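A.B. asks: Residue-level listing of the chains:
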Amino acid sequence: MLTLECPYCGVMADETELTPGYEAHLKRFGPGSTDEEFEAYMFARKNPKGVHFERWRHAYGCGKWFLAARDTATLEVFGTYPAQSSAPPQALQDKIKAKRPDWKGYK
Amino acid sequence: MSTRLSKGGRLIDRSAAVEFTFNGKRLRGFKGDTLAASLLANDQMLVGRSFKYHRARGIVASGAEEPNALMNMGAGARLEPNQRATTTETFDGLSAQSQNHWPSLDFDVGVINNAFSRFLPGGFYYKTFIHPRFAWKHVFEPFIRKSAGLGKAPTEMDADRYEQAYAFCDVLVAGGGIAGLQAALAAASGGARVMVLEQAPHWGGRAPVDGDVIEGIPAEAWVKNTVETLEKMPNVTMRSRCMVAGVYDHSYVLAEDRVADHTPGDGRPKKRLWRIRATRIVAATGALERPLSFAGNDIPGVMLASAVRDYVVNWAVSPGDRTVVVTNNDDAYRTAIALKEAGLAVPCIVDARAQADGALPTKARAMGIRIETGKAIAKVKGGKRVTGVALCMQAGEGAALEEISCDVVAMSGGWSPVVHLWSHCGGKLIWDAAAAMFRPDAARPPISHDGLAMVYPAGAANGALHADAALQDAAKAGAAAAGADPIAAAQAEPRDEAPLEPIWVMPQGAGVKLRAKMWLDYQNDVKVSDVQLAAREGYESVEHTKRYTTLGMATDQGKLSNINGLAVLANALNAEIPNVGTTTFRPPYTPVTLGALAGEARGEIFQPLRRTPMHAWHEAHGAYFEPVGLWRRPYCYTRGGENHAQSVEREILNTRGNVGMLDASTLGKLIVKGPDAGRFLDMLYTNVMSNLGIGKCRYGLMCNENGFLSDDGVVVRLAEDTWLCHTTTGGAERIHAHMEDWLQCEWWDWQVYTANVTEEYAQIAVAGPKSRALLEKLGGMDVSAETLPFMTFAEGTLAGLPVRVYRISFSGELSYEIAVPASHGLALWDKLVAAGADLGVQPYGTEAMHVMRAEKGFIMIGDETDGTVVPQDLNLGWAISKKKADYLGKRGQERSYLSSPDRWKLAGFETLDGSVIPDGAYILAQGVNANGQGNTQGRVTSTYYSPTLKKGIAMGLIKGGMDRLGEVVEFTKIGGAPVKARIVDPVFYDKEGARNNG
Amino acid sequence: MADPVSTIVSAPVSAAVSALGNPSFEGFASIREIGPLGMITLRVKPDVPGLAEALQALGLTLPEMRRIVVGGDRAAGWMGPDEYLLVVPYAEVSAAVARLSDSLKGQHHLVADVSDARAVFRISGAKADQVLRKLCPADLDRLEPGELRRTRAAQVAAAFWHQDDGFTLVCFRSVAGYVMGLLQNAAQPGSELW
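Those sequence lines, one after another, are chains H, C and X.
FYI, in the numbering used here the residues of the first sequence are 1 to 107.
FYI, in the numbering used here the residues of the second sequence are 1 to 998.
FYI, in the numbering used here the residues of the third sequence are 1 to 194.
Don't take each hint at face value.
[What the hints assert, rightly or not] With a straight-line Cα cutoff of 25 angstroms, these simulated DSS-like cross-link-like pairs (lysine-lysine) come out:
id, chain 1, residue 1, chain 2, residue 2
1, H, Lys104, H, Lys46
2, C, Lys959, C, Lys991
3, H, Lys49, H, Lys27
4, C, Lys696, X, Lys105
5, H, Lys27, C, Lys890
6, C, Lys890, H, Lys49
7, C, Lys232, X, Lys105
8, C, Lys152, C, Lys25
9, H, Lys49, H, Lys97
10, C, Lys517, C, Lys381
11, H, Lys104, H, Lys49
12, C, Lys884, H, Lys99
13, H, Lys27, C, Lys884
14, H, Lys49, H, Lys99
15, C, Lys696, C, Lys951
16, H, Lys95, H, Lys107
17, C, Lys980, C, Lys951
18, C, Lys428, C, Lys363
Worth flagging that the hints you see were computed from the coordinates, not collected in a lab.
The structure presented is a predicted model; accordingly, all values stated were derived computationally and were not measured.
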């Protein structure tokens, strides 16, 4: 039963206030994309053991989607940030790198 | 025999006698007793039968670790199986029945298994029941079901209330012994919000029984003072009778509060499940004493030494007149001393160690107790009760040196920290060879959301078994958990105890006959010989061995049997104990009642039931409801002696002939507004919505990115920058979330706002040739064909109520859908019913709606779609824009296999004999597949009897679709010959659409 | 027709009924369905020029994050970074919607009358908080003065805030019966948490 801080309303939200949205920072491929690009967008998911970026919605709270960086093995949450981010904030990336030197980056 | 002593008993109130029954026998106890104490006070040592061999089982322990004394408590609507007598409080009127025996506790036929025990070795389930195949179902299973199993499942609805509650704290202290109390003091001193939960009804744990002295006063007095201090602190919440069941991710804790378990029927909830989010958890859960493995260690009367002491000191109950103590440590000497002080006989202390010269042995000797060092128990004598023990050398093979008569054997194999809470979320253990125990490895704690340790073990749970060390450890743990400055720990008098000597089998060289009588797991009948056999058969992993032998399964969960079993396995594998490791500790620590887990969710509030503003009217007018999501919608309204099919038929004919009313309030209504709203809707729907004229309606399809059809509905344009999107009943929340997802996460620079106004409006569909006449009778606005043509809407008033009227139709009839603020929904409905009386108006339900739309060939999300159907499969290409560069699902639909001619596509079907194709039927094809199953070429998606056409009609998906118009195919029919049907146009009724105009 | 104001059907006062018809229950706390209240969903960014003035004109104060400013029979609550809940007397809601739409004309916003989409409960008494503690995964001890908390009540969405000698709780109309059942069950005499 996770607890994540919603970056929009500051509530430390119980998992039961949230709905999951799976992997974050996917790039959408629409008409004109190759089969490989579309497949990667629709189906290829990282599912790492370790640092992972994912989408959550504070569905029973302020209604906003946000992104979370979490270790899937220890469940440590490195940080949450607004969904309107094309990349994790640099400070967060630095923090993760410091804690997990082997981390290869979010891409 | 076991009996009540005339003096003492720190937890009982001798002035408050209580009466209870055990197996129907009326017995007496005292307030403050556990049921186990009361039973022993009444000489009831025999409490059940073991799982496999049905051997007699007595009370072994005095707390949560008790493996045998599991009871069916109460009766009828208050029957609760598998309750531990050792943790159940005795109350006036309590009734308990022993379990797992037949026909009676004293005479049990299943004991015959015992005679055949060598045929029921470890893994017998797997070995025995494989062959012959038929035997499992007809012989083994019925036999096992009869003779095995624990308690009886209740058959009546539970009479009690249960509830849940949320709590938040900085530090949750699990355990109210001296360590827990000390940790709480340390944590709370800095102002942290602290909760202290103790599973027993009293505080203090073992220290008062063991006679510790803290801060110069007896432990009991120190506990009383400390509890008072804590209770006065505004930042501390104390709860006894509240068992911490489990620690979950991010310091989430479940605890079971036995609010009125001991006062049934007093109006309070029987149990309450606390759902606690703690920042840190202090696990001050103490330690459990280990049994010793000697032959006959399961005979009633063989008990844990600490339990024997507890019964004497806490409840003034003597488990027996003559107690032989057998031990590998000094602590058990306390039991001998306590018994002697209570005036009971201790004929001998059998100490497996070569020497016993510490303070406690010296004191015991001085009291005149005989001590035999280097000795072991070769065998316990007795059947339903211990009658004596045979002594032997621990270093030998079990040759009896002498026999001593006794009725209780108090054993102690040392102590194991209760590491469950530490381990639930992955805290690791280290093997402490000196103390022969696994304890928490501080370097590898369970991690919380902030990456820091979330559980701090304290006191005996951390391996600090003695009061002085436990208090020091707990003060540190409490302060660390709270992030507070350390405080000075209370000082306890140090204990002078010699180290224990690990003894895993007694005697050391015991042969196979003895080992086959040494129980590791009393409840599941797992013996030393079973674990050794498993090792010989190649079970090297402790997890496999557990499942193969059933060691530590069921309610034990690694409490009593764990370490001894591991040690025996390690020995058999010639491995070190830490290399064998432990099995996984999983919550709950002790079982939590299902009622508490369900909490308030039962009866009327089992789940949310969504009601439209007209719900009560439907109920009062014969509605038969069907669930649609959490809504209940009228399926049909029955009249007179009608069955449902007859009601549906009447409703359809009346709607097609006169006028019908449908409660359509459940349809999703989403407002989409903003400068980019048109552009957004063009991405959301497959067709173009941005060019919809103000005041107009348009049917639209929504797909997911995979290209599959996800929802449909009528979109209306309210204003230049405002659209209202109707969704399916089940789609309102889902589509609203879908919209917000794309707006927030992909097109966040687009200026669009959405609002879900589904529940703001009641919506009523008025359909049928007389619908216009009905609306005109209400009066207030012009609903003529000229002013309000098909696929337009208008706002105004009807019968004085503010409405928006849409000229849309899902039945093919002249039809209006009227939206009205929900608070006026019932009023408008009533007015329509009254005004329509002479027009023959009748309400119709969802089934009539379904049939009428099928007669018109309209698809239904969830019938024609199943998440793998693209709009093109349903011949809905007309609703897909060819001009748009992009929309959600467009790229998905471009994948080659989605345009394959082999795809199953929509067509209509009419049976040759007029019958109705069965729901779910497949269309047969030639040949068989690789599994020898008949090939199929399609399936039915909607199939009904059409009252309008007086025959069966259906829609379905078939390879080739409408290209095969006129062909006859066969549908499967369970229990009958295939049904022949012709492929036809799915628009069965009013193909030219003339009826839309009335 | 083109005026956005008219896109919302506004309800006259007469005959408007709350979801349940205002039942009440006396347990260790008092439970009462109140309303109907005039309620407006306003979607707009807080930095839109004239927003504070537009609210002020309705007797409302623009709330800070997660706050509700209550004044008499009016209130303005922060529901999200671009969403507000406005409470006005039921009789005034259509006028308020019209006025708000008018004063925010030209600014990107959405105003919707949601008075009839909601049910409102008042939970009062010294132990009113305990009713919520049984249903909502929200830390009541840390509820700040004037805080509006959106959360869950058992299985449905809800929002509540402290008011007078208790709390006001808002949920969707269709589940009003369920929520009344929850509140009543949670307030059963004898089931006090402490």
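A.B. asks: Which hints from the list above does the structure break, by number from lowest to highest?
C.D. replies: Violated: hints 6, 7, 12, 15, 18.
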